[in-house]
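Undergrad: One letter stands for each residue in the lines below.
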Amino acid sequence: MGANIKRLLGAAIIAIGSAAGAAADESLTFTSWGGTTQDAQKASWADKFESETKVKVLQDGPTDYGKLKAMVDSGAVGWDVVDVEPDFAYQAAKMGLLEPLDFSVIDRTDIDPRFVFDHGIGSFYFSFVLGYNPDALGGNAPTSWVDLFDIKKFPGKRTFYKWASPGVLEIALLADGVAPDKLYPLDLDRAFAKLDSIKSDILWWGGGAESQQQLASGEAPLGMFWNGRIYALQKDGAKVDAVWNQNLATADFLVVPKGSKNKAAAMKFIALATSAQGQADLANATAYAPINLKSEGLLNKDLVPLLPSKHAESQITLDLDYWAEHRDEISKRWYDWQAK
Amino acid sequence: MILTRGQGGLFRYVLYGHAALAMAFLLLPIVFIALLSLGSSRWLAFPPPEWTLKWYQELAGDPRWAESLWLSLRLALCVTILSVLLGGAAAFALTRGRFRGRRLLKAFFVSPMIVPVVIVAIALYSFSLKLGLNGTFIGFVAGHLIIAVPFSVICVGNSLRAFDIALEQAAAICGASRLQTLRRVTIPVIAPGLMAAAIFSFLASWDEVVISIFMASPQLQTLPVRMWTSLRMDLSPVIAAVSTLLVLASMLLMLVLGLLLIRRAPK
Amino acid sequence: MKTAAASRTLHEAKPAWPAIAFLLVCFVLPVGALLLRSVTDPQWGLQNFAELLATGTYARVLFNTFLVAATVTLASLIVGYPLAWLIVMLPRRWQQLLLAILLMSMWTSLLARTYAWLVLLQKTGVINRLLMFLGVIDQPLALVNNLVGVVIGMTYIMLPFVVLPLRATLSSIDPALMHAGAICGASSFRLFRSVLLPLSLPGIGAAGLMVFVMSLGYYITPALLGGTSNMMLAELITQTVQSFLNWGLGAAAAVILLAATLLLYAVHMRYLDEAER
Numbered sequence: 000m001g002a003n004i005k006r007l008l009g010a011a012i013i014a015i016g017s018a019a020g021a022a023a024d025e026s027l028t029f030t031s032w033g034g035t036t037q038d039a040q041k042a043s044w045a046d047k048f049e050s051e052t053k054v055k056v057l058q059d060g061p062t063d064y065g066k067l068k069a070m071v072d073s074g075a076v077g078w079d080v081v082d083v084e085p086d087f088a089y090q091a092a093k094m095g096l097l098e099p100l101d102f103s104v105i106d107r108t109d110i111d112p113r114f115v116f117d118h119g120i121g122s123f124y125f126s127f128v129l130g131y132n133p134d135a136l137g138g139n140a141p142t143s144w145v146d147l148f149d150i151k152k153f154p155g156k157r158t159f160y161k162w163a164s165p166g167v168l169e170i171a172l173l174a175d176g177v178a179p180d181k182l183y184p185l186d187l188d189r190a191f192a193k194l195d196s197i198k199s200d201i202l203w204w205g206g207g208a209e210s211q212q213q214l215a216s217g218e219a220p221l222g223m224f225w226n227g228r229i230y231a232l233q234k235d236g237a238k239v240d241a242v243w244n245q246n247l248a249t250a251d252f253l254v255v256p257k258g259s260k261n262k263a264a265a266m267k268f269i270a271l272a273t274s275a276q277g278q279a280d281l282a283n284a285t286a287y288a289p290i291n292l293k294s295e296g297l298l299n300k301d302l303v304p305l306l307p308s309k310h311a312e313s314q315i316t317l318d319l320d321y322w323a324e325h326r327d328e329i330s331k332r333w334y335d336w337q338a339k
Numbered sequence: 000m001i002l003t004r005g006q007g008g009l010f011r012y013v014l015y016g017h018a019a020l021a022m023a024f025l026l027l028p029i030v031f032i033a034l035l036s037l038g039s040s041r042w043l044a045f046p047p048p049e050w051t052l053k054w055y056q057e058l059a060g061d062p063r064w065a066e067s068l069w070l071s072l073r074l075a076l077c078v079t080i081l082s083v084l085l086g087g088a089a090a091f092a093l094t095r096g097r098f099r100g101r102r103l104l105k106a107f108f109v110s111p112m113i114v115p116v117v118i119v120a121i122a123l124y125s126f127s128l129k130l131g132l133n134g135t136f137i138g139f140v141a142g143h144l145i146i147a148v149p150f151s152v153i154c155v156g157n158s159l160r161a162f163d164i165a166l167e168q169a170a171a172i173c174g175a176s177r178l179q180t181l182r183r184v185t186i187p188v189i190a191p192g193l194m195a196a197a198i199f200s201f202l203a204s205w206d207e208v209v210i211s212i213f214m215a216s217p218q219l220q221t222l223p224v225r226m227w228t229s230l231r232m233d234l235s236p237v238i239a240a241v242s243t244l245l246v247l248a249s250m251l252l253m254l255v256l257g258l259l260l261i262r263r264a265p266k
Numbered sequence: 000m001k002t003a004a005a006s007r008t009l010h011e012a013k014p015a016w017p018a019i020a021f022l023l024v025c026f027v028l029p030v031g032a033l034l035l036r037s038v039t040d041p042q043w044g045l046q047n048f049a050e051l052l053a054t055g056t057y058a059r060v061l062f063n064t065f066l067v068a069a070t071v072t073l074a075s076l077i078v079g080y081p082l083a084w085l086i087v088m089l090p091r092r093w094q095q096l097l098l099a100i101l102l103m104s105m106w107t108s109l110l111a112r113t114y115a116w117l118v119l120l121q122k123t124g125v126i127n128r129l130l131m132f133l134g135v136i137d138q139p140l141a142l143v144n145n146l147v148g149v150v151i152g153m154t155y156i157m158l159p160f161v162v163l164p165l166r167a168t169l170s171s172i173d174p175a176l177m178h179a180g181a182i183c184g185a186s187s188f189r190l191f192r193s194v195l196l197p198l199s200l201p202g203i204g205a206a207g208l209m210v211f212v213m214s215l216g217y218y219i220t221p222a223l224l225g226g227t228s229n230m231m232l233a234e235l236i237t238q239t240v241q242s243f244l245n246w247g248l249g250a251a252a253a254v255i256l257l258a259a260t261l262l263l264y265a266v267h268m269r270y271l272d273e274a275e276r
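Protein chains in written order, with numbering that gives the first Met the number 0: chain A, 0 to 339; chain B, 0 to 266; chain C, 0 to 276.
Everything labelled a hint here was simulated from the structure, so no lab data went into it.
A couple of the hints might just be wrong.
To be verified - Derived DSSO-like pairs: lysine-lysine, alpha-carbon spacing no greater than 30 Å straight-line: (1) B:129 / A:234; (2) A:53 / A:293; (3) A:238 / B:53.
Assemble the whole structure, with the sequences as input and the hints as a guide.
TA: Here it is as structure tokens:
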């Protein structure tokens, strides 16, 4: 027992010691969702930031809202810049969990106004598209969200995003015939009724990988997906396709948790990430679209047709302000309905 | 033998059939995982279009998996030792002690199993943030130990309850000291219980996901955390490769241990 | 008189002190603080409990959790008991083989095992395709993302937790009793029903309770293999604390589960756990 105590104490001392040592140089912790997207964010932003400012950027992840809240509550905030989902960004701001962004450091003049507010700025923007597996559908190709709700013409399970987040309800309303400019305020009763019509055929995906596995295997021959995931499947050789008609645009946001120990560096990092070059670099690596309007000219020509920004004709932007206001009540209804 | 050969007839064959099915049930996922690790399909399609070793190659080229494996192993060993010691001692008190509130104490020891793990994870995380212990090895050990101790208490307790105290009394009569009795009589007899406690504690730590997700830091990621992130974010048969390698390693270990024990047995 | 009893309690419980101290500091303190939030977050009062019991959702999820846990326990016992018995009965070499296979399944990562079942049980998965190929069914069965998948997956995980303790119990039963019964002319089934089963009941109760309690709070397997319609409590609480960031509500849900389980445990100890008397 004694030897073990010594061993543990030793490990603890080393751990504490190295943590103290790291704090001596300036550093910044960037947290995102992991996987290839975070790898791209690291390459496009973190590495450049490190060489330009000599401030070390540590990667952490995946983003976990429970952890973030616990950190802010306890005052021991270990994350400085966090990539979060849009509705969380708004909600966290309301709950006082975020630092206001310093727009004297971050240049917001060329930023797409849809994706910036006091406490958060877009990380990249993407669209929900209708993805489908042509083989699993026997050659039939859907053309709009209406087809998602047509079990007879397109039999099989359809997969939707699991969490109470902008997207699913809007799709249901659009499929039910609501005009895009009349979507908000959301008619929840109508949306849930529409979803009820196919409830027994709905599969849910909680993470990008799940959605890809479901589509590629044919388990869910069609559904709503992040456009980047369909792109990744196609790059991998999987035979899947996407319908961009009425694609729903939204963005991930970069936020700074309240009480961050490296606020100044965090703001500078965000300034680099949202610059025209930073956004273009990320877009070129991921097929997600830049939120900086000046990035257009810096984009890789072959990639351009795959970007959400090039499918803007029928694009509908999800109303994040609306969701910020009503997230709590919508969430409650959503989870109650899901559990039925 | 409870049912000797020649006896039992149909009933025995029913048992055999049941066991065969159960074994197939147990082996199915393991074999499937092994096959997936050799298939070229990234999305785990089966049968795969081709057979390949590229996932194993990818695994070999990524040091992060080896780091996670090493961390999980060290962690599980620490947790196992501490759990058997703490939980075993507690089991002694529960079975041998004659005091009121024994039942309450037993419920107390089992309670970490009852509280939903996400609550324990968040509670522990908030607590460790205040102490600066998040993302440290010791934080991990504490977190895993909490869920391992109930297993130890239960397993060792079961063994102790079946233990015939007369054996210890006999040893005392023969002049053995308490420590000697413990070492030479008690422990060998309750060894199956200790072994079960060790196995369950090891696996509790080895497979633990939720608490580990909270306790993890970029430098300290246990194997399950890495796998969970992969399952959610970027699916890859590398997970299947990791899993298969571990199973093979454990089979090898069991084989080696088995051979060593056979050689040691004097009979 | 009281102090003597109290000091004897302290003394008798001495070997348990380290475990008690550890759990008090690292478990009771933090978890207690969080559970306290059920009545303090966002304000003092029982609103969180009222909110939980107001909609049918929580009650449904709680009921479903107990139902799944009971089903899994039953399934594990039904599959595991004969297996344990056989392991005890067979000659050493077979014993070791069966145990090795069991241990191999335990040693495989929980996540890998669960995900393997997901892929196996899918409509386009191996099992469905095999059944269709053999002509047993013409449409694929919905074996996953629902209750069936959860029960299959969890029974798989829980099986070793039933077999290993039961094996210990069964091997401690005096074979002479069975021989005596056989000599008296009892059929093997009768032997099982009247001799073996009653003797192994405490072991069954202990193993069953352990699996039941583990299943109640389980997160990973139900989250990956289940659908949202039969959500289990762990997932609901995760949703509440992660998505809603409502720790008070999540804590309240946990308190109710804890209370219900402790009640169950008390019943077990009173009526089934003879050894503690």
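Undergrad: Work down the list of hints and note, for each, if the structure agrees.
TA: Against the structure, the hints:
no., hint, verdict
1, B:129 / A:234, "45 Å, violated"
2, A:53 / A:293, "27 Å, holds"
3, A:238 / B:53, "21 Å, holds"
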